[in-house]
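S.K.: Single-letter residue listing:
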Amino acid sequence: MSIIENFVPFSVIICLAGGVICSAVKGETARRLSVTIISLVVIMNAFVLGYTLKLGHEFVYVMGKFPAPWGNELRAGCLEGLIAMFFSIIMLLSVIGGIRGQNDDIAKDRLNLYFVMINLMLSSLMALVYTNDLFTAYVFVEINTMAACALIMIRNNGHTLVAATKYMIMSTLGSGLLLIGISMLYSITGQLLMPDIKKAVEALSAGENYAIPLTVVIGLLGVSLAIKSALFPFHSWLPEAYGFSTASSAAILSSLVSKGYIFLLIKIFYRVIGLNVMVGHKITNILFVFGIIAMIVGSVTAIRQTDVRHLIAYSSIAQIGYIYMGMGLGSTAGMVAAIFHIMSHSATKSMLFIAQRGLVEVSNGSKDFSDLKGSGYRNRLAGIAFTVGAFSMVGIPLLAGFTSKVYFAEAAITAVNTKMWIAMITLAISTILNAIYFIRASISVYTPRNMNYRDVNYRPSNASNIALVCFIVLNFFLGVLSYPIAHTIEIGLEFFK
Amino acid sequence: MIGPNLFYNTFSVASVILFSVGFTTLMLHRNMIKKIIGFNIMDTAVYLFLASKGYITGRKAPIIVDGVKNVDAYINPIPAGLVLTGIVVSVSVTALMLSITIRLYERYHTLDIDDISLKARRDERGNNKYRKINSNKASGTSGFNEMLKKGTPMKEDKGEHK
Chain C
1 MSIIENFVPF SVIICLAGGV ICSAVKGETA RRLSVTIISL VVIMNAFVLG YTLKLGHEFV
61 YVMGKFPAPW GNELRAGCLE GLIAMFFSII MLLSVIGGIR GQNDDIAKDR LNLYFVMINL
121 MLSSLMALVY TNDLFTAYVF VEINTMAACA LIMIRNNGHT LVAATKYMIM STLGSGLLLI
181 GISMLYSITG QLLMPDIKKA VEALSAGENY AIPLTVVIGL LGVSLAIKSA LFPFHSWLPE
241 AYGFSTASSA AILSSLVSKG YIFLLIKIFY RVIGLNVMVG HKITNILFVF GIIAMIVGSV
301 TAIRQTDVRH LIAYSSIAQI GYIYMGMGLG STAGMVAAIF HIMSHSATKS MLFIAQRGLV
361 EVSNGSKDFS DLKGSGYRNR LAGIAFTVGA FSMVGIPLLA GFTSKVYFAE AAITAVNTKM
421 WIAMITLAIS TILNAIYFIR ASISVYTPRN MNYRDVNYRP SNASNIALVC FIVLNFFLGV
481 LSYPIAHTIE IGLEFFK
Chain W
1 MIGPNLFYNT FSVASVILFS VGFTTLMLHR NMIKKIIGFN IMDTAVYLFL ASKGYITGRK
61 APIIVDGVKN VDAYINPIPA GLVLTGIVVS VSVTALMLSI TIRLYERYHT LDIDDISLKA
121 RRDERGNNKY RKINSNKASG TSGFNEMLKK GTPMKEDKGE HK
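The listed protein sequences derive, respectively, from chains C and W.
Take 1 as the starting number for the first sequence in the working numbering and just add one per residue.
Take 1 as the starting number for the second sequence in the working numbering and just add one per residue.
The following block holds chain C by itself, in its conformation from the complex:
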């Protein structure tokens, strides 16, 4: 056993330990500690990714050396390694990029608590990505929810409180459904480890036993995770939560929290129920329909927004629709496109939130587009990053968003006839709608007006500059060098079967 296999549980545990230490130290120390820990997690996950690619197959880490049916397991293939590394990179850049926002929005004596939550969030994300046990997944889903709620609430004003309440209510609905789904699955299969459940489910779906309970379970699992990741009819909490929390929180919420749940759902698709059974029970069609509606509704609502934060938030709803549309196609190609879009959307959305903060800083603290006019000249790097992000979301070539749209289109062509037409037409409409609001947003950022906000003494912080440059590079990297990543995703999905 190589030492690298130990990195998998270590990346979960080091964050938990870091969270405990952060609660006892001062804010600035907590920030340094967290940045160090997140960087360590990035490095460890990079090693795991390289190791699994070299190994050519997955490996299972048995917690406490208790063998399969009794012990708890973590499993790492190259897809898990890739996603875990990517999530920790985004987390690192979001934390670094929002430093000034954290100082402004959070009371000084509570800054260390913010980093407790950041550490908790990262540890739960790592556990969600790596776990091989369904009940462990449930526990970490709850930890993730609580950490996310605290990340919204830490900026202490009325809006964030209301947003956190709404988020909490929606999430507890989702986790209640997830819990009873897992309990029912346990009662008909008698297993909690993912590969064992899959064997039992295959045996069940071959025979005639428990056909209805199995359908109910599949429905419950799909709906619960869709609620938690803010798929269209369950998105009411999202604009407020993204709109009023501090910039780092908004970036983390939009790019990591909902994506963690979606990745768990993909794992359930492949490793718990099996893709064929999922498609056979038509749950993919339901996700497809709601994904399509979300793509249109999110974009149409975004057009009406005059607040930059709300615009980005509603665009998130549309992008989550894209991901569910890809999953709903029910083919491996669709799944690859969905996972690639998870990555490209995380990279772009967190960049937009961080850049937006830089633009708002030079516009009298107002998030309204009439005040943001000309802010691209007042804070150049943030303006460039905002434009790159907007273009990427629209789908301009060379950028991440374009590549994922190409993958979606390729996947749609190979799908069933009706689904192909619906997916292609909606992709086209949604791209036009995206273009309407994002291009308008970038134009208004570069319209030279409101020069009275010009502040001679204003300097953007170095940390956010570094983060924005890294984000831009990441976007171009995902856009130009997409093939190795998509190939890794394909290999990873192959391991999943």
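Hints were generated in silico from the structure; no laboratory data involved.
A portion of the hints provided could be inaccurate.
[Unchecked claim] Stretch-level coverage of chain C by chain W, calculated; a stretch enters the list once three of its residues show a Cβ under 8 angstroms from a Cβ in chain W:
hint : region
1    : 52-58
2    : 113-123
3    : 130-142
4    : 426-435
[To be verified] No more than 27 angstroms apart at the CA atoms, straight line, and that leaves these computed lysine-lysine pairs for BS3-like:
hint : chain 1 : residue 1 : chain 2 : residue 2
5    : W       : Lys69     : C       : Lys65
6    : C       : Lys198    : C       : Lys65
7    : C       : Lys166    : W       : Lys34
Note that beta-carbon positions come from the ideal geometry of N, C-alpha and C, so glycine has one too.
Since the structure of chain C is already known, use the hints to place chain W on it.
M.R.: Showing chain W alone in chain C's frame:
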């Protein structure tokens, strides 16, 4: 195991009914405290479901006392473990939700979630108006932080912006 008909599934049926009662209360009720009670009913229903699945009539808890090592003498202990874990999770979620409710009540003096969001929206509108007036006056020389302070009439807790 799920039995063949309703008679064998009394506990499952009861737990599903309780679950739907809790779920509906959590989703539709306007009062925050009742929402939290609904959440607890919902989770307890799942524990009833799990506990009833773990119990087999005539068998004992899996602790070897009289030297009986036959598997048929004992029940499966895992559902009980799951229930314990679930209780821990739901207690912490309840604590978090109650603390949010206390904060909401301190700020808005009501527990009605619709009223609260209405008041929050009204706050925002007032805030925007204030900011507009303020921004017209802005000379454009002072730093961002001071402007943010000026433009935020909404009460923030002590210790902010220090």
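S.K.: Next step is simple, just say for each hint if it's right about the structure.
M.R.: Results for each hint:
1. With 0 residues having a Cβ less than 8 angstroms from any Cβ of chain W, the region 52-58 of chain C misses the three-residue criterion, and the hint is violated.
2. Here's how the region 113-123 of chain C fares: 0 of its residues keep a CB closer than 8 angstroms to some CB of chain W, so the rule of at least three is not met and the hint is violated.
3. A stretch counts as covered by a chain when three or more of its residues have a beta carbon under 8 angstroms from one of that chain; for the region 130-142 of chain C and chain W the count is 4, and the coverage holds.
4. Counting residues of the region 426-435 of chain C whose CB lies closer than 8 angstroms to any CB of chain W gives 0, so the stated coverage by that chain is violated, three being the minimum.
5. For the hint pairing lysine 69/W with lysine 65/C, the CA-to-CA distance comes to about 24 angstroms; that is within 27 angstroms, so the pair holds.
6. At roughly 22 angstroms between alpha-carbon atoms, lysine 198/C and lysine 65/C fall within 27 angstroms of each other, so this suggested pair holds.
7. Annotation: proposed proximity of lysine 166/C to lysine 34/W holds, straight-line Cα distance about 15 angstroms (limit 27 angstroms).
Hints 1, 2 and 4 from the earlier list are contradicted by this structure; the remaining hints agree with it.
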